[in-house]
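J.: So the protein lines, in turn, are chains C and P. Here my numbering runs 37 ahead of the position in the first sequence, where the first position is 1. Here my numbering runs 23 ahead of the position in the second sequence, where the first position is 1.
Hint data in this document are derived by calculation from the structure and do not stem from the laboratory. Hints may contain errors.
Unchecked claim - Restraint ranges, calculated between C-beta atoms of paired labels, are given here:
no., chain 1, residue 1, chain 2, residue 2, range
1, P, T138, C, K182, 30 to 38 Å
2, C, E172, P, T138, 46 to 54 Å
3, C, G364, P, R323, 53 to 61 Å
4, P, R323, C, A223, 51 to 59 Å
5, P, P93, C, Y137, 55 to 63 Å
6, C, K182, P, V304, 33 to 41 Å
7, C, E172, P, R323, 26 to 34 Å
8, P, R323, C, S177, 25 to 33 Å
9, P, R323, C, D376, 46 to 54 Å
10, P, V165, C, H185, 50 to 58 Å
11, P, F55, C, E172, 48 to 56 Å
Please read all numbers here as calculations on a predicted model, not as lab measurements. Cβ coordinates follow ideal geometry from the N, Cα and C atoms, glycine included.
Chain by chain, the residues:
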Amino acid sequence: MVSSSSGASSRPSARAGVEVRLEDLKRRYAGVTALDGLSLTLAPGELVALLGPSGCGKTTALRLVAGLEETDGGRVVFGGEDVTNVPANKREIGMVFQAYSLFPHMTAMQNVAFGMQLHRVGVAERRKRASDMLELVGLSPHAHKYAHQLSGGQQQRVALARALAIKPKVLLLDEPLSALDAKVRARLRDEIRRVQLEVGTTTLFVTHDQEEALAIADRVGVMQSGRLEQLGPPMTVYSRPATPFVASFVGLTNRLNGVVRDGAVEVRGTRLPLVQTDATNGPAVALVRPEAVTLAGEGDSTPGPLNGTVIATAFLGATSRVTVDLGDVTVLAQLATSDAAAHPAGTRVRLALRPDPVLIERDEAAPDHG
Amino acid sequence: MTSAGIPAVKAAARPTGGGRRLRLSWLGVVPFFAYVGVFLLLPTVIIAAGSFAAKDGSLTISNFTSINQPYLVKSFVNGAVVSVVSALAGGFAGALLAYAVVTGSPRGLLRRAVTSASGVLAQFGGVTLAFAFLATLGTTGVVTIFLKDHGIDIFPNGVWLYELSGLTLLYAYFQIPLMVLVFLPALDGIRPQWREATESLGGTTWHYWRYVAGPLLAPSFLGCTLLLFANAFSAYATAQALISQGNLIVPLAISNLLTSETGRAQPGLAKALALSMILIVTIVTVLYAVLQQRSARWLR
Ligand SMILES: Nc1ncnc2c1ncn2[C@@H]1O[C@H](COP(=O)(O)OP(=O)(O)OP(=O)(O)O)[C@@H](O)[C@H]1O
Ligand SMILES: [Mg+2]
Chain C
38 MVSSSSGASS RPSARAGVEV RLEDLKRRYA GVTALDGLSL TLAPGELVAL
88 LGPSGCGKTT ALRLVAGLEE TDGGRVVFGG EDVTNVPANK REIGMVFQAY
138 SLFPHMTAMQ NVAFGMQLHR VGVAERRKRA SDMLELVGLS PHAHKYAHQL
188 SGGQQQRVAL ARALAIKPKV LLLDEPLSAL DAKVRARLRD EIRRVQLEVG
238 TTTLFVTHDQ EEALAIADRV GVMQSGRLEQ LGPPMTVYSR PATPFVASFV
288 GLTNRLNGVV RDGAVEVRGT RLPLVQTDAT NGPAVALVRP EAVTLAGEGD
338 STPGPLNGTV IATAFLGATS RVTVDLGDVT VLAQLATSDA AAHPAGTRVR
388 LALRPDPVLI ERDEAAPDHG
Chain P
24 MTSAGIPAVK AAARPTGGGR RLRLSWLGVV PFFAYVGVFL LLPTVIIAAG
74 SFAAKDGSLT ISNFTSINQP YLVKSFVNGA VVSVVSALAG GFAGALLAYA
124 VVTGSPRGLL RRAVTSASGV LAQFGGVTLA FAFLATLGTT GVVTIFLKDH
174 GIDIFPNGVW LYELSGLTLL YAYFQIPLMV LVFLPALDGI RPQWREATES
224 LGGTTWHYWR YVAGPLLAPS FLGCTLLLFA NAFSAYATAQ ALISQGNLIV
274 PLAISNLLTS ETGRAQPGLA KALALSMILI VTIVTVLYAV LQQRSARWLR
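Looking at chain P on its own, in the form it has when it is part of the complex (with noise of 0.2 Å):
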């Protein structure tokens, strides 16, 4: 070849120095990656592990298989849908709260009560929840009881707050104030000028959602959305408070399967279910944090 290309490979094949100094400041997250690792990853490598092992501990996938077994099916169909129902209620009625408080003033009552009222309530999940609403909507329920002597039966088919309709009105009201919390910086990012100048340039009410707000929060609404019905898809303990038997949604019948007091538990199912959930929950996460991105592009 020719003379000008020996020194350049010879430049390329330099290593480079200085490069190797002992970066102090990665001391400070070993905590937080020691926690993820200890309670995050190492359960998912067990569940993992667990999930391909036969009873004998041989490699298998027929813990994958056995999942096609109707009732297990239908938990993942159940809790497929309490978690849509629940994340499209509370998205809904989430965004519109939100687009509430943002219209108020930056610093009014309004939205100081929404936000903390949002922090508290969007926590306020499993027992104490299902308690709550067992002792107001309960078959014993004040709330049941109180309608029942002014001639109004709200179980006239039946106690539905234990079947389905129950668990996503008990999820509603999570996914609510956690809609608040993670939409709200979207709404924030809003700008008023973007209506005033939509406004300007001839344009309607109807304009400025159809062709500009619409548009803007679509991505961080569809991601916030995800997000809920992760929530909804992985939570355990409120179901579990609520209806302690049965395999109504996922998590229940992984409870059962591991717990099952007649001696015939199936561990290796249970994992299998718990893997295939993680891959769900996963899966949803990263689309929620890629819309969350490409909308905070646009609204900082």
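Chain C extracted, bound-state conformation (with noise of 0.2 Å):
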């Protein structure tokens, strides 16, 4: 993976990434708690995505590091310099909003060098910045239209590049994507990121597309109730999950009926090793990737356990991912599209589970777990 590179960048006029922490940051608004003390340390030039589902909390956390909205406690702090009292025109921050932000009266280029005269940048340098960073982000063709004249995906270069024209200590970036279509969304990411490496800003990422948090950040936090679930990198968060919400919202997940007992929960007849090591024995659920399950034909040599029935194949590209009925329930497997070719729908396939770490998720609320 990359590794978050402050100081790799080759631009002199970028500013060294500063580090940037969220302290125990709470915020209420009439009778919902938005942030129930939410931490977070950001390391210089690093990209944290923070993802979560609608209303976790993902916004506020980001207008709070904006400025934009005040915090009911905790502190912010950038580069060791307590923010948490300074107003948002005085933050020295870069912001990307999810759509229609830009100056509809400015051209693309007014629109970037505005910023900078704002703080007084003088005109020629003004110029000659606002182009670079428009060159920057692929626009220079596009310089002198107006926002009505740009496609959606352009509009949000052109923001990028006006956040990044003054020099920010951190770029925040609230769904800039959620709001164009999937294949400008999956190329603009690529290139935020390109850009953000370039520039090496400390960067705070929101998004509800796990696909994309995945895709982009050095780590990932997942979010629920104003709290912070887990962070760590994406392969971490994807492959080792902390909780079961975690699980069930980072990927697909396979919810399958067990047992636990002695440290390992038996799903039909497969021992499966636990991520929880404090599980009590009983009843639950086990939370089993599709990359995790197995299949074989018939009349293979190393028949899988479970029998089933192959009842839809879609296909994702290098992977396929095949729907397989077990009678009472339906389990997903990924495979790599050679091997799921072998298995069209209606065919009977063996399946097996592969003995992965698994969490497992108590659906009748027991008192004692958790």
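Make one complex out of these two single chains by using the hints.
T.: What follows is the structure, given as structure tokens:
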């Protein structure tokens, strides 16, 4: 994976990324606790993605860092300096909104230059840096267009250039890609990452799209109900989710009934090791990733313990996702597309679960659990 | 010429097929155009024709040259003054009220109350409005008498209510709500991200108004104020009911020229005045439309 690359920037104009600390941030709105003690430290130049379902407090966290909203508790620290009581316009932040944030009466160039104008940068310098920034985001040919003459993706590039033109200490992006269609989204996502690595600005990226978070971030923070459930590199969050919530929110998960006995969960004849070491014996739901499910044909020499019928195959490119009906439950298996081709819909298969450590969940809210 | 040119000419000359199909969808707007024709275009044509006609029916421009009489010029100036002042006062007050409305919640009580009240009050002109003012602020109005009883004379230097200043006050009464109605859409088009983007770029509230909201709203504000001007300039019934005689503003002068009881009515001159007014109001309205279109491009 890409390491966080402060200092690695080749641009002399770039400000070295600073450390950004969110300490026990709290925020309540009439009756609703939007943030319930959020702590998070971003290393200089690091890109952290905050991921979570709608209403979990991602935007609130971002706005507290920006200074657009007041905290009810906790601190925000940029590079050792407490900015909790510093107004937004003195915080030196760069902000990219979901959509429609370009000033409609200014050209792309004027939008990018506006922040420098406010910072009293000289006209010549302003113009030079604005065109540099537009070049950085690949929009030089569109410098003199207005927002309504640019596509959604182009507008977001201008917004990114505008945010970075003032050399902010922190770059904050609130679902900058969610208003775009899938293809543009993936391309612009990589573009944002490239630019961010190049300028080395510490970045907080808010999204509810797990694929986006896993693809772009140095570390992913998964949020629920105003708290951080897990913070770690994308690989860890995906393959070793810390809580059942993370397991079911990030990636697809099969939920299979089983029984916990002596430190393992037995699911339909297969014993799977547990992630949770303190699980008590008794019924539980095991969360099994589709990648941990393998299929074999009925006549194969290494038959799996479970019999089922393939009912659908979703082609995802290099891999395919196969839905297998076991009679009382359907199971998703993610296979190399070449392997999946051997099991078209309608064929009988034998199914096995790879004994990777799994998380368990206890459905009927057992009071001793957690 | 070269042979290549010949087929091109032929192709261009060929009539395009299938272009002549009766569009039934036009039927739907026939009543509208019939209405506009009968109540707007036809009277305008009659006025235009009449304004160039002498008493004996011959063609003349004397009706227009005789507008240049002190009392008629005065009525134009008066009308312009009332309209400009009431448009500016109504424009600023209405814009502020509209701004207060959009800063509140979009479905809140304030917004619903102000917009429905504006919808009613913007139409509350004419005799009703004049009567309401006479009954409250007239020489024997409730408020006037109440204040007099408490030692306050609101008419120390004559009854200004029946003069230009009174008319301006009266006009402001429907100009403010009209401004709220026509200016709200522009304010609704202002996105909160723009203020926050300005802030994040290091700008203050002043910078936001100076460089972002101000320039964005200016065309619409100017356009709406022009509409208010046209609205006041062409108003007749309110002034007629408040000030039943004299030639204070152009519509009153026209009325007097048409209905003079001494047999000295001058319909030609009245029509020339009316045509001049139509011209002024049309120009102002076109300017309004142009400015609105310009701001609509930004504030969708
Ligand atoms: N201005 C506000 N007034 C009242 N409640 C608010 C306000 N802003 C946010 N909330 C509440 O705070 C909680 C967190 O909101 P927030 O916008 O941070 O969520 P989010 O994670 O960004 O969600 P989404 O993915 O939908 O954008 C929600 O329950 C929301 O209803
Ligand atoms: Mg949000």
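J.: Do the beta carbons of E172/C and R323/P sit within 26 to 34 Å of each other?
T.: Once the Cβ atoms are compared, 29 Å apart, the range 26 to 34 Å for R323/P and E172/C holds.
J.: Given a hint of 55 to 63 Å, does the C-beta separation of P93/P and Y137/C actually sit inside it?
T.: 56 Å, holds
J.: Should the hint that G364/C and R323/P are 53 to 61 Å apart at their CB atoms be regarded as holding?
T.: Since the Cβ atoms of G364/C and R323/P sit about 55 Å apart, the hinted range of 53 to 61 Å holds.
J.: Would you say the C-beta atoms of V165/P and H185/C sit inside 50 to 58 Å of each other?
T.: 54 Å, holds
J.: Using the beta carbons of K182/C and V304/P, state whether their distance is inside 33 to 41 Å or not.
T.: Given range 33 to 41 Å: holds, Cβ gap about 38 Å.
J.: Can you tell me whether the CB distance of R323/P to A223/C sits inside 51 to 59 Å?
T.: 28 Å, violated
J.: Indicate whether the distance between the beta carbons of R323/P and D376/C respects the range 46 to 54 Å.
T.: Cβ of R323/P to Cβ of D376/C: about 51 Å, so the range 46 to 54 Å holds.
J.: Does 46 to 54 Å hold as the CB distance between E172/C and T138/P, or does it fail?
T.: Cβ of E172/C to Cβ of T138/P: about 47 Å, so the range 46 to 54 Å holds.
J.: Assuming the hint says 48 to 56 Å, is it satisfied by the Cβ distance from F55/P to E172/C or not?
T.: The hinted range 48 to 56 Å holds for F55/P and E172/C, with Cβ atoms some 53 Å apart.
J.: Starting from the hint 25 to 33 Å, judge whether the C-beta atoms of R323/P and S177/C obey it.
T.: 27 Å, holds
J.: Honestly, do T138/P and K182/C meet the 30 to 38 Å range at C-beta?
T.: Hint holds: Cβ distance 36 Å, inside 30 to 38 Å.
When held up to the earlier numbered hints, the structure conflicts with hint 4 and nothing else.
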